[in-house]
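A.B. asks: One letter stands for each residue in the lines below.
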Amino acid sequence: MSYDETTRNSLTQDAQELVSRYPRPRSALLPMLHLVQSVDGYISPDGIAFCAESLGLAEPEVSAVATFYTQFKPQPNGTYNLGVCTTTLCAVLGGDAVFEHLSEYLNLADGQTSDDQMFTLERIQCNAACDYAPVVMVNWEFFDHQTPDTAVAMVKALQAGKPVRPTRGPDQVPTFREAERVLAGFSDGRADEGPGCGAPSRAGLDLAQSRGWSAPGKEAS
Amino acid sequence: MTTLTPLLTRRWATPESWRLSTYVNDGGYQALRRALAQEPSAIVDAVKASGLRGRGGAGFPTGLKWSFLPKPDGGPRYLVVNADESEPGTCKDIPLILADPHLLLEGIAIAAFAIGCHHAFIYLRGEVVHAHRRLQRAIEEATDAGFLGDNICGAGFDLTLTLHAGAGAYICGEETALLDSLEGKRGQPRLKPPFPAVEGLYARPTIVNNVETLAQVPGIIANGPKWFGSLGTEKSKGHGIFSLSGHVTHPGQYEAPFGITLRELLKMAGGIREGHDLKFWTPGGSSTPLLTADHLDVPLDHESVAEAGSALGTRAIQVFDETVCAVRAAARWMEFYAHESCGKCTPCREGTSWLRQLLARIEAGQGREADLDLLGEIPDQIVGKAFCPLGDGAPACVTSSLLHFRKDYEEHIRLGGCPFDPVACIPVREDVA
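Each protein sequence line maps, in turn, to chains H and R.
Okay, so the first sequence: first residue is 1 according to our numbering, each after it adds one.
Okay, so the second sequence: first residue is 1001 according to our numbering, each after it adds one.
Sample of chain H residues facing chain R (criterion: CB under 7 Å; computed from the structure):
no.	residue
1	Leu29
2	Tyr69
3	Val182
Label pairs and their in silico Cβ distance ranges:
no.	chain 1	residue 1	chain 2	residue 2	range
4	H	Ala157	R	Thr1249	25 to 33 Å
5	H	Phe186	R	Glu1234	43 to 51 Å
6	H	Arg177	R	Gln1366	39 to 47 Å
7	H	Ser2	R	Pro1194	42 to 50 Å
8	H	Ala64	R	Glu1377	32 to 40 Å
9	H	Asn9	R	Val1428	53 to 61 Å
10	H	Tyr105	R	Ala1370	38 to 46 Å
11	R	Asn1151	H	Gly189	21 to 29 Å
Derived by calculation from the structure, the hints in this document are not laboratory data.
Predicted, not measured: the structure shown is a model, and the values here were computed from it.
We put the beta carbon where it would ideally sit given N, CA and C, even for glycine.
Bound-form chain H, shown alone (with noise of 0.2 Å):
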């Protein structure tokens, strides 16, 4: 294992922390791998050494559970994963066209990286956020109704260094490193970042409001 002493001890500690969440300590295996991920930008031999160790587990022990899961990365990840969704609707709606274009403006395949390390370019299965289609996840937070021209857009500020702001989440996409750090359950203070939700999300409630329609009340006692 080649981390640095200073790296080392702060794994550790977060290991432990991570560990003490749970009945059992293997549990915390995927919050680990997350945070192996916020360090190393993939699953490392390093880090899949390191969790072993922790756990007590053979190191094959640990890959089998890595490369089960498709969030974890078996080579170094862009600082931006962009995900497009091609499931069947949004693929229908605009994400087919959406990847294409990304495909062909970044010069990358599903699944590759870019020479700078800067973007990893992928198709990604249903993102739980159908009433938005079509959706592209940068490192797994939400660009809602994107379209060839938005999600173009969004990369070349990326590339310019711009801060760039997903639909609803924090004011401020994250790094993948970042983001996986919070996945392994330690807090980046960005909660209260963000709405409370879309338009697409409030559209029964707005339409109920604006019609006097409610929930009858509670049954008499």
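The hints should help you fit chain R onto chain H, whose structure is shown.
C.D. replies: What follows is chain R alone, placed relative to chain H:
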């Protein structure tokens, strides 16, 4: 006329709807206080009497599920919240967590008290970072305010709640795969029985409930089981979130009593996009067989949708108009299933892979007449023979699209390509253009 009943969604438009103060000012956590003043068994009875059925797709009676737990033996028992929302078309739990996480937390606290659980887990899919932030912050706020943690509301009940991130695997929405994943393993389903109520997390008695299911619990405790049952149909009681997406004028979340029809919902959502007609729709996600314009008046409850040859599932209504190619839709869904099949059982792993290849070949215009026979036969080798419901649901899009739109398939073979214009199905959004 059926009208909308915003209960779970009613705070979503409120400024800072996700904050504890917003929730408490709107009467939040009162149901928890009320529950803690009762016997746990009374809570289970109330949920049973309400007729609440699981909102994660299967529709199993929630109170009955809770009552399957064996008698306390002094060891731990767990509540695990399934927040791995991933079924294509389903988009209700994530917005609920983003907008009103405390409603879920109150439901969790009440359910945990009812079943004698002192450590609960939320398994949240990993691909929604902001939902993690909101939920983690809500847990902190609720713990600081004494609604979670030790001696909740001074009533002597302790509950630790751990938020756990998944890592991108649809199969983990299946409850036993979810439990394996939560134990730090590959998320593959377990053989049932034993069911989780008997041997779940760490082989201890465990209840796995969906987000929306638990979000219904505070309302039932606050307003009474009869109130809940006054909405909905006789066997599918209550209300729920119907998620409309696709070619409708105003896609979104519409909370309504069970038994509402798509015709009614479409009217509320401004109809099919202008100038177009309904071609097909999924009543409850891509694992439920496609329905057509012939089914606009089917009451959207578990029984009626089953009678119509499909399933209510998660009420994920994906609407497609006449510009959409049924072969392309099925091919893309099958890519999803082949990608997400966990590989544990042969019928699902091989079956979804072969279906994916066949559909891709047909879509590319290289299909043969005999391929349609194969598309008819392969699903029989998967459904009922797979290890878990993923395999049972995967071929639904193929079988139902072949049933209703065989012509689309035949045209691909006859023409040697797709007869549809892929641009025609992309809506022009005025607010974006």
